[in-house]
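Chemist: As a plain string of letters, each chain reads:
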Amino acid sequence: DTEVTQTPKHLVMGMTNKKSLKCEQHMGHRAMYWYKQKAKKPPELMFVYSYEKLSINESVPSRFSPECPNSSLLNLHLHALQPEDSALYLCASSHGPQGRSGNTIYFGEGSWLTVV
Amino acid sequence: AQSVTQLGSHVSVSEGALVLLRCNYSSSVPPYLFWYVQYPNQGLQLLLKYTSAATLVKGINGFEAEFKKSETSFHLTKPSAHMSDAAEYFCAVRKTSYDKVIFGPGTSLSVIP
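Protein chains in written order, with my numbering: chain P, 1 to 116; chain D, 1 to 113.
Please note: incorrect hints may appear among the correct ones.
[Stated by the list, open to error] Listed next, the stretches of chain P that the computed footprint assigns to chain D, with coverage defined by at least 3 CB atoms under 8 Å from CB atoms of chain D:
hint: 1; stretch: 33–47
hint: 2; stretch: 104–112
[What the hints assert, rightly or not] Keeping only pairs whose Cα atoms sit at most 27 Å apart, straight-line, the calculated DSS-like set for lysine-lysine is:
hint: 3; chain 1: P; residue 1: Lys36; chain 2: D; residue 2: Lys100
hint: 4; chain 1: P; residue 1: Lys18; chain 2: D; residue 2: Lys95
hint: 5; chain 1: D; residue 1: Lys100; chain 2: P; residue 2: Lys40
hint: 6; chain 1: D; residue 1: Lys100; chain 2: D; residue 2: Lys68
hint: 7; chain 1: P; residue 1: Lys53; chain 2: D; residue 2: Lys68
The hints are simulated quantities; they were obtained by calculation from the structure and are not laboratory data. Even glycine gets a Cβ: it sits at the ideal position worked out from N, Cα and C.
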């Protein structure tokens, strides 16, 4: 079973709001990812957690704050976002760098974020 | 640096016709290669992957892809298109398990009845 679950599916927030996106996987994967995707574009990597530690931050603005409470959960805390941050936010997971078969990344269904 | 190109940002085929989506990569060593599909308003779903076990890789929904080292290509094919195949397709490459996944720009497939 290759399932990554994301909530909420849709989120509308004002520029002064604080909200969070949540992600969960029960595949025993030790790497988890946040991607941002604009319409008709490929996903852009934001953050990577490896063994619950932040290993990659792709120079993402501090208004996005990731958190990995345990090996199954990944959150993305949002604060003071801008309208241009409106996008599909995808969570993903993989076995981790020591994994097998090219370390395939499995994606969730995404959270559609609209900033007004 | 690695890169992935997908020839044709938009491809249209008739229902029942052959689907061919092109992917070329640049890498100094044979990498791991992936095809993902994204249906409207959904996340990315893995179609198939090449990890050096076999050059012809079969995936879900009748798709397959062939790794050709000499051409640095990993084109995706399906013998007979179905209306449900209409989606965005992304080719992706990963040099090693420790490297980032590099996505191509995507190809939007339309299937004409």
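Chemist: So, against the hints stated earlier in the document, which numbers end up violated here?
Modeler: Checked against the structure, the hints that fail are numbers 4, 7, while the rest are satisfied.
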